[in-house]
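Kindly produce the complete structure, drawing on both the sequences and the hints.
First to last, the protein sequences are chains P and D.
Everything in the first sequence is counted per my numbering, starting at 29 for the first residue and increasing by one.
Everything in the second sequence is counted per my numbering, starting at 4 for the first residue and increasing by one.
Calculated directly from the structure, the hints in this document are not laboratory data.
Be a bit skeptical, because a hint or two may be false.
Said to hold, decoys possible - In silico negatives: residues of chain D with every beta carbon more than 10 Å from chain P: (1) T78; (2) M93; (3) K96.
What the hints assert, rightly or not - Listed next, the in silico DSS-like pairs over lysine-lysine satisfying Cα-Cα at most 27 Å (straight line): (4) P:K99 to D:K96; (5) P:K53 to D:K95; (6) D:K41 to P:K53; (7) P:K53 to P:K64; (8) D:K61 to P:K99; (9) D:K61 to D:K95; (10) D:K61 to D:K36; (11) P:K64 to D:K96; (12) P:K64 to P:K99; (13) P:K53 to P:K87; (14) P:K53 to D:K36; (15) D:K95 to P:K99; (16) D:K41 to P:K99; (17) D:K95 to P:K59; (18) D:K41 to P:K59; (19) P:K59 to P:K87; (20) D:K96 to P:K59.
Said to hold, decoys possible - Covered by chain P, per the in silico footprint, the following chain D stretches (three or more residues, Cβ under 8 Å): (21) 34-40; (22) 44-54; (23) 63-76.
For every residue, glycine included, the Cβ atom is placed at its ideal position computed from N, Cα and C.
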Amino acid sequence: MKPTANEVGTAASWPPEEGQIIRFKSVGGLKTGTLKELRWGLVWRDFILEDGRVIPEHKILGCPEPPVWRKADEVTQDEREAWERRLVSMAETGLDPRDREQSFWADLNQYLAYTYLRFKQAGYKAPDAQ
Amino acid sequence: MLSDEWNLGWSNSQAAIRTECRAVSRPYERSEKERVWKLLLEAGFTDIALDEFPERIKEAKQVVMGRLSELLELTTDIQERQSAAYSLAMLKKLETTVWRTGKHRSSD
Numbered sequence: 029m030k031p032t033a034n035e036v037g038t039a040a041s042w043p044p045e046e047g048q049i050i051r052f053k054s055v056g057g058l059k060t061g062t063l064k065e066l067r068w069g070l071v072w073r074d075f076i077l078e079d080g081r082v083i084p085e086h087k088i089l090g091c092p093e094p095p096v097w098r099k100a101d102e103v104t105q106d107e108r109e110a111w112e113r114r115l116v117s118m119a120e121t122g123l124d125p126r127d128r129e130q131s132f133w134a135d136l137n138q139y140l141a142y143t144y145l146r147f148k149q150a151g152y153k154a155p156d157a158q
Numbered sequence: 004m005l006s007d008e009w010n011l012g013w014s015n016s017q018a019a020i021r022t023e024c025r026a027v028s029r030p031y032e033r034s035e036k037e038r039v040w041k042l043l044l045e046a047g048f049t050d051i052a053l054d055e056f057p058e059r060i061k062e063a064k065q066v067v068m069g070r071l072s073e074l075l076e077l078t079t080d081i082q083e084r085q086s087a088a089y090s091l092a093m094l095k096k097l098e099t100t101v102w103r104t105g106k107h108r109s110s111d
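See below:
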């Protein structure tokens, strides 16, 4: 896919808009795709491409450092349970989480990051929180 | 009664205090964001590679089990204890699925 004037290249106009062509880091090098929508996950934002691929924001070229993310306590119980139900359902239908850039991989990745942060953070106290 | 001059001076000093508070809190917020992001990056949870799922699930389970053992010593936080136990069960379920899928794939 040829880069066009519509392509995202700098962090100045972050995040990109729907319909824009984005470039992202992948196993085989840099890839491109057309952004369909931006969706918040349990920790970070996922970029959903028109062909169904799901790319985490921090893998998109031009993403500011560190990227925006949610605190674990901002995720409601309902949201977490809905996410877990979806994961179980995808697992039961035989989807392989190792199919990179597909929904199961993206959702499982976020769930593991969220669970790790949630319980790792629980024992951590901020420097000024005496 | 307070003069307009005093009022102006007082409100300016309040604005200065507010500005200073923001200036002080911003670097902390930024460093907190960076610290948490670094924690995720170093633990390898931001981009799990194809064959790393079993290892990452195991690691997440260890963190949940560590927290659960802390919670079991407390008489409070019953809800968090239940939530941690549920998350642990969920991770075990996912671990079984990933293991089963991996085994199925390798036998193809």
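Going down the list of hints, with the structure as the test:
1. Every Cβ of chain P is farther than 10 Å from the Cβ of T78 (chain D); the closest lies at roughly 17 Å, confirming the non-interface assignment.
2. Not every C-beta of chain P lies more than 10 Å from that of M93 (chain D), the closest at about 6 Å, which undercuts listing it as non-interface.
3. Distance to chain P contradicts K96 (chain D) as a non-interface residue, since its nearest Cβ pair spans about 7 Å, not more than 10 Å.
4. This hinted pair checks out: K99 (chain P) and K96 (chain D) have alpha carbons roughly 25 Å apart, not beyond 27 Å.
5. For the hint pairing K53 (chain P) with K95 (chain D), the CA-to-CA distance comes to about 30 Å; that exceeds 27 Å, so the pair is violated.
6. For the hint linking K41 (chain D) to K53 (chain P), the alpha-carbon distance of about 19 Å falls within 27 Å, and the restraint holds.
7. A C-alpha spacing of about 18 Å is found between K53 (chain P) and K64 (chain P), which places the hinted pair at or below 27 Å, so the restraint holds.
8. For the suggested pair K61 (chain D) and K99 (chain P), the alpha carbons sit about 22 Å apart, so the restraint of at most 27 Å is met.
9. About 9 Å separates the Cα atoms of K61 (chain D) and K95 (chain D), which keeps this hinted pair within 27 Å; it holds.
10. With a C-alpha separation of about 25 Å, the suggested pairing of K61 (chain D) with K36 (chain D) holds against the 27 Å cut-off.
11. Taking the CA atoms of K64 (chain P) and K96 (chain D), the gap is about 32 Å. The hint is violated against a cut of 27 Å.
12. Taking the CA atoms of K64 (chain P) and K99 (chain P), the gap is about 25 Å. The hint holds against a cut of 27 Å.
13. With a C-alpha separation of about 5 Å, the suggested pair K53 (chain P) and K87 (chain P) falls inside the 27 Å cut-off, and the hint holds.
14. Taken as a hint, the K53 (chain P) and K36 (chain D) pair is honoured in the structure, with Cα atoms around 23 Å apart against an allowance of 27 Å.
15. Among the hinted pairs, K95 (chain D) with K99 (chain P) is consistent with the structure: their alpha-carbon atoms are about 24 Å apart, no more than 27 Å.
16. Pair hint K41 (chain D) plus K99 (chain P) holds up; C-alpha atoms about 14 Å apart against a cutoff of 27 Å.
17. With a C-alpha separation of about 34 Å, the suggested pair K95 (chain D) and K59 (chain P) falls outside the 27 Å cut-off, and the hint is violated.
18. Between K41 (chain D) and K59 (chain P), the direct Cα distance comes to roughly 25 Å. Compliance with the 27 Å bound is thereby established for this hinted pair.
19. With a C-alpha separation of about 11 Å, the suggested pair K59 (chain P) and K87 (chain P) falls inside the 27 Å cut-off, and the hint holds.
20. For the given pair, K96 (chain D) sits about 33 Å from K59 (chain P) by alpha-carbon distance, which is inconsistent with the 27 Å threshold.
21. Counting residues of the stretch 34-40 of chain D whose beta-carbon sits less than 8 Å from any beta-carbon of chain P gives 5, enough to reach three: the coverage restraint holds.
22. Check on the stretch 44-54 of chain D: 7 of its residues sit with their Cβ under 8 Å from a Cβ of chain P, so the three-residue criterion for coverage holds.
23. Counting residues of the stretch 63-76 of chain D whose C-beta lies closer than 8 Å to any C-beta of chain P gives 6; at least three are required, and the coverage claim holds.
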